[in-house]
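Heads up: the sequence shown begins at 8 in the numbering used here, then just goes up one per residue.
Calculated from the structure, these hints are not laboratory results.
Any given hint could be a false lead.
Listed next, the in silico DSSO-like pairs over lysine-lysine satisfying Cα-Cα at most 30 Å (straight line) [to be verified]:
| hint | residue 1 | residue 2 |
| --- | --- | --- |
| 1 | K72 | K147 |
| 2 | K166 | K147 |
| 3 | K62 | K174 |
| 4 | K109 | K127 |
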Amino acid sequence: ALEDDLAKLAESRSSIDGLVAGQVEKLAEGRDILKRALESDLNTIKEVISGQSEKLAEDRGQLSKALETDLQSVNGLISDHMNRLAADRSTLSQALEEDLAKLAESRSSIDGLVTGQVEKLAEGRDILKRALESDLNTIKSVISDQSEKLAEDRSILSKALEDDLAKLAESRSSIDGLVAGQVE
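Given these sequences and hints, build the entire structure.
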């Protein structure tokens, strides 16, 4: 009877060893499958990150082009304004020279002419001042609009980046959960 029990015990032990070996094999296969799945997921994540990086670079390039275009537009406005000022200055200089020539020719009416010229100068200065203020206000408005547009574009870009990072964190959390579930 003891020999029968020992034989049964040896047989049970052999059966248990076989089951353990089978489980170890299954665990190794499961580990290998999990490893391949993780590598695939990591490659997918790397591709997504690479795609987002390319998109960010593209968006940055477009933003740079838009900024450059806007700066060229502002520079053009400033250049036009400077040309207009130079032309107005030239016109004003010519008018003054003509008036001074008239003053030299007719000394008898100097007082009347001086009074008239002072009024014309005041009007010209006022007109020029209003034109300058109007042009400066236009330039300030254009710069303000561009600053707001830049802030909005920067906000959109930041939001897209935050969304992408949140999705990446969710994917990683999901993968970590799957790995933790497989390990347990």
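Tested hints:
1. K72 to K147: holds, 21 Å
2. K166 to K147: holds, 28 Å
3. K62 to K174: holds, 16 Å
4. K109 to K127: The given pair, whose Cα atoms are some 15 Å apart, holds under the 30 Å limit.
In this structure, none of the earlier numbered hints is contradicted; all agree with it.
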